[in-house]
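Chemist: Given the structure of chain Z, go ahead and fit chain S onto it with the hints provided.
There are 2 protein chains.
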Amino acid sequence: MDKEEKKILFRDLLTEKDIAAIGDLVRSTGVFNPCEMEMAEELARETYAKGPEISGYHFILAEMDHRIVGYACFGPITCSENRYDLYWIVIQNDRHRSGIGKGLLAKSEQRIAELGGVKVYVETSSLSNYEAPRLFYLRQGYQQEAILKDYYREGDDKVIFRKNLSGENKAHRK
Amino acid sequence: MDKEEKKILFRDLLTEKDIAAIGDLVRSTGVFNPCEMEMAEELARETYAKGPEISGYHFILAEMDHRIVGYACFGPITCSENRYDLYWIVIQNDRHRSGIGKGLLAKSEQRIAELGGVKVYVETSSLSNYEAPRLFYLRQGYQQEAILKDYYREGDDKVIFRKNLSGENKAHRK
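As they're listed, the protein sequences go chains Z and S.
Residues in the first sequence are numbered from 1 upward in steps of one, following this note's numbering.
Residues in the second sequence are numbered from 1 upward in steps of one, following this note's numbering.
Bear in mind the hints are in silico, worked out from the structure with no lab data behind them.
This one's a predicted model, so the numbers in the text were calculated from it and none came from an experiment.
Some hints here could point you the wrong way.
Note that identical chains are pooled: a pair holds if it fits in a single copy or bridges any two copies.
Unchecked claim - Here are the simulated lysine-lysine pairs, DSS-like style, with alpha carbons at most 30 angstroms apart:
#: 1; residue 1: K50; residue 2: K102
#: 2; residue 1: K149; residue 2: K102
#: 3; residue 1: K17; residue 2: K50
The following block holds chain Z by itself, in its conformation from the complex:
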């Protein structure tokens, strides 16, 4: 088992230990600002305590060699009909290009579809350190839907992507 270093395991149930591990992972990337880092850990804490149905946040964790190397967080959009926000996909810095992101996205979309979701929205930043994620979503069948100029702060726009899990993007599902 220890020799299968390439094997990625996915799970969706948070343990108490995962809360700090998620915080450590998010901080280690150097991509997120203090508010985002705090929020990531806080959402994990709330979901561990209340469960995804009440917290409104679902997690999927990716593990390699018994360590969390990435995770995804998503949840239903309040007062919408089967629309979901994919809040984060975070990957450990030295594990990019190893299929973790793609795996997390596929597992998230699969779970969202199981929960009845038909559309997934992703909100990202226009800053250059978010260029790789933006390209990633485009490659995975997401379409850029809108840009809100200077949304987060001056020079930092919000870029909104969308993917339909049924209908026009159905071909991407299998």
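Modeler: Same frame as chain Z, but now just chain S:
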């Protein structure tokens, strides 16, 4: 005092009685769906219990003859720099066109500016029963920034408006 029927009083501190009054007001309009009605009262309850700084929601109430005839609810956009969401302006059905909406919007923008806010976002629906609010925001200096097709459900788009409280829209402030 009782004869001054036209006088609108604004206040921003919620009392316990206001929670049910807000729920009644929202339900009486016939505009909102069950999820929105539930959320309106829930946000008031949370803000009464924790205060606006912790709940993240600020309220401004409009009173006439000691009754709540409308209210606004807004709050900072998480992890943004001085950006605010204006979540709701609700007016009693027979009190439209009496300046309550304009007054609530002006008081909200004033409070947002006091809190350091520089941009205000409003998200509305494309449905026909939201046409009056959409025109209202345009008249009050808001600009339509994006439309997310079928965002809430099939045929129900999200329309996003924005107003800058300083800079290009400064003329609207006074």
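Chemist: Could you work out which of the previously given hints the structure breaks and list their numbers from low to high?
Modeler: none
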